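All chains should be modelled from the sequences, with the hints used to inform the complete structure.
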Amino acid sequence: MNDNALNLSVEIAGLRLKNPVMTASGTFGYGEEYAEFFDLSRLGALVVKGLSLRPKRGNPTPRIAETASGMLNAIGLQNIGVEEFIGKKLPLLRSFDTVIIANFFGDTFEEFIDTAEALDRAEGVHALELNISCPNKQQGWVSFGSDPGLMRELLGAIRAVVKKPLIVKLSPNTADIKQAAVLAQECGADALSLINTLTGMAIDIRRRVPLLANNTGGLSGPAIKPVAVRMVWEASNVVSIPVIGMGGIMNSSDALEFLIAGARAIAVGTANFVNPLSTVQIIEGLERFMSEEGIGDIQDIIGSLRTYNNARSC
Amino acid sequence: MHRLFKARIVQTTVLSGSYRLLTLSSEEYIRHCEAGQFFMLQTGSEFLLKRPFSIFSHRGGLLYFLYCIRGKGTKRLSELREGDFIEVLGPLGKAYPKPAGDFIALAGGSGIASIYCLLEDNKGKGHLFYGAKEKGDIVLADSLEKVSKVLTIATEDGSLGVKGNALEALCSKYQGDPPMPIYACGPKQMLMAVSRWALDKGLPCYISLEEHMACGVGACLSCVVETREGLKGICKDGPIFSAGEIIGA
Ligand SMILES: Cc1cc2nc3c(=O)[nH]c(=O)nc-3n(C[C@H](O)[C@H](O)[C@H](O)COP(=O)(O)OP(=O)(O)OC[C@H]3O[C@@H](n4cnc5c(N)ncnc54)[C@H](O)[C@@H]3O)c2cc1C
Ligand SMILES: Cc1cc2nc3c(=O)[nH]c(=O)nc-3n(C[C@H](O)[C@H](O)[C@H](O)COP(=O)(O)O)c2cc1C
Ligand code: FES
Numbered sequence: 001m002n003d004n005a006l007n008l009s010v011e012i013a014g015l016r017l018k019n020p021v022m023t024a025s026g027t028f029g030y031g032e033e034y035a036e037f038f039d040l041s042r043l044g045a046l047v048v049k050g051l052s053l054r055p056k057r058g059n060p061t062p063r064i065a066e067t068a069s070g071m072l073n074a075i076g077l078q079n080i081g082v083e084e085f086i087g088k089k090l091p092l093l094r095s096f097d098t099v100i101i102a103n104f105f106g107d108t109f110e111e112f113i114d115t116a117e118a119l120d121r122a123e124g125v126h127a128l129e130l131n132i133s134c135p136n137k138q139q140g141w142v143s144f145g146s147d148p149g150l151m152r153e154l155l156g157a158i159r160a161v162v163k164k165p166l167i168v169k170l171s172p173n174t175a176d177i178k179q180a181a182v183l184a185q186e187c188g189a190d191a192l193s194l195i196n197t198l199t200g201m202a203i204d205i206r207r208r209v210p211l212l213a214n215n216t217g218g219l220s221g222p223a224i225k226p227v228a229v230r231m232v233w234e235a236s237n238v239v240s241i242p243v244i245g246m247g248g249i250m251n252s253s254d255a256l257e258f259l260i261a262g263a264r265a266i267a268v269g270t271a272n273f274v275n276p277l278s279t280v281q282i283i284e285g286l287e288r289f290m291s292e293e294g295i296g297d298i299q300d301i302i303g304s305l306r307t308y309n310n311a312r313s314c
Numbered sequence: 001m002h003r004l005f006k007a008r009i010v011q012t013t014v015l016s017g018s019y020r021l022l023t024l025s026s027e028e029y030i031r032h033c034e035a036g037q038f039f040m041l042q043t044g045s046e047f048l049l050k051r052p053f054s055i056f057s058h059r060g061g062l063l064y065f066l067y068c069i070r071g072k073g074t075k076r077l078s079e080l081r082e083g084d085f086i087e088v089l090g091p092l093g094k095a096y097p098k099p100a101g102d103f104i105a106l107a108g109g110s111g112i113a114s115i116y117c118l119l120e121d122n123k124g125k126g127h128l129f130y131g132a133k134e135k136g137d138i139v140l141a142d143s144l145e146k147v148s149k150v151l152t153i154a155t156e157d158g159s160l161g162v163k164g165n166a167l168e169a170l171c172s173k174y175q176g177d178p179p180m181p182i183y184a185c186g187p188k189q190m191l192m193a194v195s196r197w198a199l200d201k202g203l204p205c206y207i208s209l210e211e212h213m214a215c216g217v218g219a220c221l222s223c224v225v226e227t228r229e230g231l232k233g234i235c236k237d238g239p240i241f242s243a244g245e246i247i248g249a
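First to last, the protein sequences are chains R and P. Numbers 1 to 314, taken from this note's numbering, label the letters of the first sequence in order. Numbers 1 to 249, taken from this note's numbering, label the letters of the second sequence in order.
It should be emphasised that the hints constitute simulated quantities derived from the structure, not laboratory data. These figures come from a predicted structure and were not determined experimentally. We put the CB at the ideal spot given by N, CA and C, even for glycine. Be aware that a few hints might be false.
Claimed, not checked - Keeping only pairs whose Cα atoms sit at most 16 Å apart, straight-line, the calculated EDC-like set for lysine to aspartate or glutamate is:
#1 P:Lys236 <-> R:Glu32
#2 P:Lys236 <-> P:Asp200
#3 P:Lys72 <-> R:Asp204
#4 R:Lys163 <-> R:Asp120
#5 P:Lys232 <-> P:Glu245
#6 P:Lys232 <-> P:Glu211
#7 P:Lys6 <-> P:Glu87
#8 P:Lys236 <-> P:Glu226
#9 P:Lys188 <-> P:Glu211
#10 R:Lys163 <-> R:Glu123
#11 R:Lys164 <-> R:Asp120
#12 R:Lys56 <-> P:Glu229
#13 P:Lys72 <-> R:Glu66
#14 R:Lys88 <-> R:Glu32
#15 R:Lys56 <-> P:Glu226
#16 P:Lys188 <-> P:Asp157
#17 P:Lys201 <-> P:Asp177
#18 P:Lys236 <-> R:Glu36
Stated by the list, open to error - Using C-beta positions, here's what the derived DEER-type ranges look like:
#19 R:Asp147 <-> P:Glu28: 51 to 59 Å
#20 R:Ser41 <-> P:Arg70: 37 to 45 Å
#21 P:Glu145 <-> R:Gly124: 40 to 48 Å
#22 R:Arg94 <-> P:Glu28: 30 to 38 Å
As the list claims (entries may be wrong) - To spell it out: a stretch of chain P is covered by chain R in this simulated footprint if at least three of its residues, at any positions, have a beta carbon under 8 Å from a beta carbon of chain R; those stretches are:
#23 44-56
#24 62-68
#25 195-208
Structure below.
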């Protein structure tokens with residue numbers, strides 16, 4: 001098959017992505033860090049590090065620890081704040097022909113709203129991704145994604161001020177991802193992204209202290225992929241809005257699992273640290289797969305999973 | 001300009017019980033790497049994250065790293081053989097400012113790696129104070145003798161050179177003010193102490209900091225340090241900092 005004939009483009013919340021490969025928030029900085037490695041215009045979308053109204057200092061170090069097939073992080077949402085992002089980082093990002101998505105969060109209800117409003121006004125930000133799932137916060141919002149009442153209240157208030165597409169990023173640290181997915185859709189989310197990191201811990205057995213200064217952190221990387229695929233499959237079965245899948249995607253085969261499970265697009269996180277060219281290689285891998293399989297349009301892959309119908313609980 | 005590439009292991013040398021020298025084939029584009037910069041090296045395919053190591057030497061199209069076996073990754077690195085390939089990312093970070101004339105170099109333990117590079121690139125100008133726990137941990141003394149102007153070795157148990165740590169040796173030698181800038185790499189405690197000493201005397205002092213790293217390029221925000229201008233990334237804004245910048249120094 002002629003590669004030029006391949007259609008990899010997907011639509012998320014009214015935005016056309018040239019391919020389904022995005023970067024995961026917090027793993028790609030503000031884009032500039034990776035602009036030296038490849039042309040960022042090749043990305044389907046670029047999601048920047050989580051932003052808050054004011055700059056945030058984050059947690060003490062060590063902030064990361066490697067674990068089997070994964071890593072724990074407790075960065076603590078350090079970021080430069082919305083104003084500096086718009087003034088200093090966005091101009092460069094605007095020069096790339098890709099969709100720019102601003103991930104954001106707040107410590108208080110008001111901060112969430114103010115941040116959302118500022119980003120909604122910012123020229124060059126195409127969509128917002130609401131992080132209600134960061135497991136590193138100690139100030140009480142932790143349970144926020146898993147508290148349906150709070151989530152409904154907050155999402156409603158944010159939806160009321162955001163005109164741009166609003167993506168809600170879900171936490172895997174919940175008993176039932178389907179419930180969270182349905183709730184987010186009901187509250188007006190245009191798309192969902194999942195999963196964020198799974199809360200974990202690792203210990204230095206000689207010193208008998210946690211490896212992270214924050215004691216616990218978020219687990220990412222290949223170790224969480226099976227959990228992520230399952231959750232993406234479950235969520236995409238119960239909502240009609242698009243699902244963006246992520247969690248341990250290292251190569252195009254991993255990406256395909258998510259797409260087949262029902263994800264309309266995928267995001268690459270920890271893999272960027274391992275190989276700065278991961279996203280580009282995944283795009284190329286998807287093209288190769290489609291050529292080999294004689295598939296002209298990526299739509300024919302998305303949600304194409306054929307499940308067994310004799311499955312019971314494990 | 002930094003890049004990711006597969007480097008061939010040209011040579012592995014055992015220097016002592018826990019110290020190794022690793023020689024890698026370089027790439028055309030690395031014409032310009034400087035003392036103080038580092039690379040992220042893959043240590044084994046079972047590890048997701050690469051480990052940061054300072055450039056020990058860059059000569060004749062080869063890259064040299066001197067490392068101490070500390071944990072799982074460095075252990076694995078020591079098991080690799082000539083002809084094996086490892087993925088490397090670099091050169092990364094900021095270099096030591098080029099010394100204009102004579103300078104003092106202070107190295108503790110594996111901190112000798114970046115200091116050697118500085119001495120080699122500025123032959124015959126460095127007054128080196130090099131300390132370790134014991135004789136067995138002092139490596140490449142002959143080569144160091146050749147690249148430095150004056151070499152003072154210190155061991156904590158006194159088994160080689162003067163007894164005590166390298167900073168004590170430095171301080172006792174220069175009771176007055178040495179009219180030279182100081183370059184230091186080693187344990188954090190030593191770096192903070194030498195920084196205070198230098199600041200006190202009004203001497204320029206450059207230190208090489210370490211922190212756990214994932215990306216090496218400033219994207220993950222795992223390797224931060226508190227400076228007078230706020231948090232900075234050790235991988236991108238460092239690892240070399242001026243002593244005056246660092247809070248706690
Ligand atoms: C800029 C820089 C330059 C360095 N240069 C040298 C050098 O030239 N020679 C040398 O022997 N060592 C050097 N180090 C320290 C070296 O990176 C660690 O000893 C090494 O990462 C330990 O890995 P491990 O898997 O054996 O240890 P483990 O304890 O098993 O490592 C677990 C994780 O913690 C990280 N880690 C543990 N200790 C350190 C540390 N001190 N600094 C950074 N990350 C750490 C590892 O990278 C790994 O991700 C340097 C560190 C930095 C930041
Ligand atoms: C170092 C690091 C920082 C992260 N920061 C954020 C963040 O600021 N906001 C957010 O929504 N998710 C953040 N995440 C979560 C990732 O976007 C992603 O959901 C998760 O890591 C799973 O994907 P992966 O396994 O491919 O990394 C971060 C992850 C890592 C590893
Ligand atoms: S290692 Fe990622 S920011 Fe320094």
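Query - Given coverage of the segment 195-208 of chain P by chain R, checked by CB-CB distance under 8 Å (3 or more) - result: violated (count 0)
Query - Satisfaction of the hinted span 37 to 45 Å by the C-beta atoms belonging to Ser41 of chain R and Arg70 of chain P - result: holds, 41 Å
Report task. Take a quick look at whether Lys56 of chain R and Glu229 of chain P sit within 16 Å of each other, Cα to Cα. Result -> Measuring from Cα to Cα gives roughly 14 Å; hence the hint holds.
Query raised in the report: Does Lys72 of chain P pair with Glu66 of chain R here, judged by a C-alpha cut-off of 16 Å?
Result: At roughly 11 Å apart (the allowed maximum being 16 Å), Glu66 of chain R and Lys72 of chain P satisfy the hint.
Query raised in the report: When you check the alpha-carbon spacing of Lys88 of chain R and Glu32 of chain R, does it fall within 16 Å?
Result: holds, 11 Å
Requested in this report: Mind checking the alpha carbons of Lys236 of chain P and Glu32 of chain R for me, to see if they're no more than 16 Å apart?
Outcome: holds, 12 Å
Query - Given hint Glu226 of chain P paired with Lys236 of chain P - CA-CA distance at most 16 Å - result: Status holds; Cα separation ~14 Å.
Query raised in the report: Has the given pair, Lys72 of chain P with Asp204 of chain R, been kept, meaning a C-alpha gap of at most 16 Å?
Result: holds, 13 Å
Query raised in the report: Quick one, are Lys201 of chain P and Asp177 of chain P close enough, alpha carbons at most 16 Å?
Result: Holds: Lys201 of chain P and Asp177 of chain P sit about 7 Å apart, inside 16 Å.
Query raised in the report: Can the suggested window of 51 to 59 Å be confirmed for the beta-carbon pair Asp147 of chain R and Glu28 of chain P?
Result: holds, 56 Å
Query - Distance restraint between Lys163 of chain R and Glu123 of chain R, which requires alpha-carbon spacing of 16 Å or less - result: holds, 13 Å
**Report entry** Satisfaction of the hinted span 40 to 48 Å by the C-beta atoms belonging to Glu145 of chain P and Gly124 of chain R
**Finding:** violated, 58 Å
Hints 2, 16, 21, 24, 25 from the earlier list are contradicted by this structure; the remaining hints agree with it.
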